[in-house]
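Engineer: Below, each chain spelled out in residue letters.
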Amino acid sequence: MKERYIIALLLTPSLFFLFSVILFPLAFSYYVSLTNFPLIEFRATSWVGLDNYIDVLTSPRFWYSMAFTGGFVTLAVTLEFLLGLGFALLFDREISGGRVLRSLMLMPMLMAPLVVSMIWKYLLHVDIGVVNYILRSFNLPAPSWFSTVPYAFFSVILIDVWQWTPFMFLILSAGLMSIPREPIEAALIDGATRYQVFRYITLPLLKPIIFIAIMLRAMDALKVFDILYITTRGGPGIATESLTYYIFNQALVRKSIGTSCATAVIAVFLLFSIFLVYLRFRPRS
Amino acid sequence: MEMKSKISRRSAISTVAKTGIAAGIGLIAGALGGYFVGTTLKPVETVTIRETITRTTEKTITIPTTVATMISPTEKKVEFEGVELKVLAMSDPPNIAFEKLAKEFAEKHGMKIQFEMYDWEHLKEKIMTALPAGVEYDIVLVDEPWIGELEKYLYDMEKLMKEYGDPALLDFDDILPGVIDSLRTFEGKLIGFPMMTDVRFLAYRRSYFEDPDNKRKFRQKYGYELKPPLNYYEFFDVVEFIVEETDMPYGFGDLWQKDYLEMTFGDWLYSLGGRFFDEKLIPQYDSPEGIIALRLLLKSLEYGPENKLELNHELLNVAFFTEKVPMVLQWWSVTNEMLDPEVNPVIDDTGFAPSFHNLECSGMMAYAIPLTSPNPAQAYKLLEWVYSQQNAAKLIGLGGTPIRKSTLQSEELRRQLRIPEQWDAALLTLQRGLWSRPKIKYHGIHDEVICSWVHRVMSGEVDIEEALRRASEEVKREFEKAGVYR
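Here the protein sequences line up with chains A and B, keeping their order.
If you use our numbering, the first sequence corresponds to residues 13 to 297, in order.
If you use our numbering, the second sequence corresponds to residues 291 to 776, in order.
Source of the hints: derived by calculation from the structure; they are not laboratory data.
Check before you lean on any hint, since a few could be wrong.
[Said to hold, decoys possible] Using 25 Å as the maximum straight-line C-alpha spacing, the simulated SDA-like pairs for lysine to any residue come out as follows:
1. B:K766 with A:K235
2. B:K589 with B:E415
3. B:K771 with A:L264
4. B:K416 with A:F260
5. B:K771 with A:Y76
6. B:K766 with A:R294
7. A:K235 with B:D549
[To be verified] Here are some of the chain A residues that sit facing chain B, going by a computed Cβ distance under 7 Å:
8. K14
9. R16
10. S159
11. L182
12. I183
13. I250
14. F260
Quick reminder that beta carbons are idealized off the backbone N, C-alpha and C, glycines included.
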């Protein structure tokens with residue numbers, strides 16, 4: 013009996029931490045989502061029940077932001093995965109200067125997304141940007157990257173890919189290093205080609221790592237905000253408005269915290285569902 | 291072993307899913323229960339709207355003296371020693387001029403002063419969260435469109451003037467009337483101390499308008515003299531001429547980035563006699579004037595550079611400096627860069643003219659004192675001194691814009707300007723009239739909705755009528771939900 017009290021006592025700090033840092037904000041957000049809560053009042057002015065949820069779910073703009081987020085995550089994460097895997101395979105052998113190159117490869121990932129976005133904002137500037145300068149010198153069209161459709165969409169993907177490919181590279185490199193060499197060597201002795209080794213040995217053994225890498229990146233890319241805030245501000249029109257940008261707009265531009273929280277609760281459920289799907293289809297190690 | 295692992299994972303997923311579903315049902319049940327049981331927490335105040343349009347037709351500006359007579363000549367003694375003031379401001383030239391003079395005042399009186407400076411967009415986000423949350427600042431910079439949202443957190447400046455003001459130092463009657471009118475709420479409360487007069491006027495390349503060949507061709511084509519445009523007919527003739535008859539690929543640039551469109555669209559709308567709202571605060575974006583205004587805005591966009599949809603203050607200046615566009619509509623407060631030869635490579639070819647809009651947007655900014663300020667008297671005395679008659683010339687020298695009639699009409703100060711027509715352009719724009727953005731409590735909803743729908747039209751995503759109709763419906767619905775019409 014005494015032991016149970018000691019266990020309870022020892023668990024109290026972590027339970028308190030869990031409640032105050034995770035459960036309370038979630039519960040409070042849910043409460044706010046059921047009220048009209050203007051930012052400028054800083055309090056709930058009326059109880060609106062599920063009205064905010066109905067408003068959000070019937071808003072074409074919300075569904076547009078969902079579609080943009082889905083497209084962004086799919087394209088950006090796919091490109092990051094393919095490039096990251098390519099680089100990981102390239103560096104999975106002895107290359108002179110490999111360590112230096114590997115460290116340089118990781119640099120974009122270490123920079124703040126805000127800084128990366130600022131750099132790219134000026135690199136892709138229509139008049140003073142290096143990219144357009146190069147394009148013009150080859151007599152190629154130099155578009156306005158952030159203010160025209162579909163360039164704006166591809167520009168933000170490019171920035172995300174530039175910053176986060178190193179993350180994929182890092183995880184997949186670690187995965188490649190952990191693969192035992194014996195089956196590969198045995199296959200090579202038996203006459204397997206490099207492609208066959210990759211297709212039938214490396215890739216299956218790397219699968220669990222690939223799933224983790226993709227899942228981590230997808231969860232992060234679903235929350236894309238910094239790049240959009242700095243470069244396109246969700247525009248032109250609402251062409252690059254992600255789910256998080258939509259939430260930000262509701263909260264700090266429209267100053268409607270209730271609607272913003274309702275969208276956030278929906279987003280939490282969405283992420284939770286993706287997590288469940290991941291658990292269901294996770295490959296066995 | 292394998293079997294055991296399978297069952298274990300499945301049961302784990304099942305438990306998680308069941309918990310999630312149960313939580314979801316519980317939350318929805320809670321919401322419904324609360325909806326039926328719950329009562330209104332507190333009624334929302336009803337807002338009525340009155341339009342603020344300042345128009346001064348005479349050359350010499352006059353204002354009623356009621357404000358000046360309200361100020362009591364008896365001044366309370368204020369202690370400064372050991373006080374520390376906290377200021378939330380913006381990092382542009384007029385604010386930096388204020389910072390320099392404020393530090394001078396603080397040093398003279400043994401006070402400490404601490405500045406937090408942001409660009410406009412971040413200042414807006416900061417102030418909208420800091421004031422409602424009760425963060426203690428002594429002085430905050432408030433832009434005109436934020437007045438309706440923030441006024442309940444700010445002192446009535448006239449009350450402070452009455453209590454602590456020195457009428458001789460203040461010389462309130464000398465302040466430009468448009469400036470004062472723009473800083474009042476609909477109920478007449480003066481929320482701040484005017485820190486700059488901000489209107490927009492046209493910056494243009496002189497050479498295109500003075501070239502004899504251009505002048506001749508223009509006269510032949512349009513039947514009148516080539517000059518900076520003063521109305522819409524002249525504007526569209528001039529931009530068409532520049533694009534078709536000169537080496538310039540683009541004719542004009544304006545603030546077309548999404549965040550600025552309430553003002554940019556509003557210039558066309560108010561000039562045509564339209565309004566954002568009727569007296570009951572019902573949105574009127576899709577009125578006949580609104581539709582024509584957006585059509586004209588779109589027509590002007592045809593003459594803009596490739597990156598027209600992202601033109602903010604900074605990029606608009608870049609477009610002008612890189613000789614992409616020969617005419618831009620720019621705010622007075624940011625034209626300082628145009629007067630700097632190190633920044634503006636075409637400074638010797640730069641001229642200023644009044645806006646071609648019939649009514650131009652008023653963009654006054656004010657230093658206000660929050661109700662949470664621990665030192666309102668000291669904050670007031672500092673503002674009064676910085677913006678006093680005696681410091682007016684000094685403030686201009688440091689990069690400020692005039693707030694006083696005597697400054698704007700001073701021949702001596704004009705002689706010191708790099709491009710003296712700048713002040714003529716401002717004065718003419720002020721005389722033609724200003725429209726003020728609606729000072730309503732839910733300005734943010736209107737601002738965000740109109741900006742995003744207009745930008746969607748500009749990017750070709752949706753047509754004019756549909757966009758304005760849907761914007762009107764959306765704002766009305768949001769206002770209904772917020773209890774504005776209750």
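Engineer: Next step is simple, just say for each hint if it's right about the structure.
Structural biologist: Here is how each hint holds up against the structure:
Under the criterion of a C-alpha separation no larger than 25 Å, the hint pairing B:K766 with A:K235 is inconsistent with the structure, at around 30 Å. Between B:K589 and B:E415 the alpha-carbon distance is near 33 Å, which puts this suggested pair outside the 25 Å criterion. Under the criterion of a C-alpha separation no larger than 25 Å, the hint pairing B:K771 with A:L264 is consistent with the structure, at around 18 Å. Taking the CA atoms of B:K416 and A:F260, the gap is near 14 Å; set against the 25 Å cutoff, the hint holds.
For the given pair, B:K771 sits about 23 Å from A:Y76 by alpha-carbon distance, which is consistent with the 25 Å threshold. For the hint pairing B:K766 with A:R294, the CA-to-CA distance comes to about 47 Å; that exceeds 25 Å, so the pair is violated. Taking the CA atoms of A:K235 and B:D549, the gap is near 22 Å; set against the 25 Å cutoff, the hint holds. Nearest Cβ of chain B to the Cβ of A:K14: about 31 Å, over the 7 Å cut. The hint is violated.
Taking 7 Å as the C-beta contact cut-off toward chain B, the hint placing A:R16 at the interface is violated, the least distance being around 24 Å. At a threshold of 7 Å, the smallest CB-CB gap from A:S159 to chain B is about 4 Å, leaving the interface hint in force. At about 28 Å, the closest approach between the beta carbon of A:L182 and any beta carbon in chain B exceeds 7 Å, and the interface hint on this residue is violated. Hint on A:I183 is violated. Least Cβ distance to chain B is approximately 23 Å, over the 7 Å limit.
For the restraint placing A:I250 at the interface with chain B, the shortest Cβ-Cβ distance is roughly 6 Å, inside the 7 Å limit, so the hint holds. Below 7 Å, beta-carbon pairs count as interface contacts, and A:F260 has none with chain B, the closest being about 10 Å; its hint is therefore violated.
The structure does not agree with the numbered hints 1, 2, 6, 8, 9, 11, 12, 14 stated previously, though it agrees with the rest.
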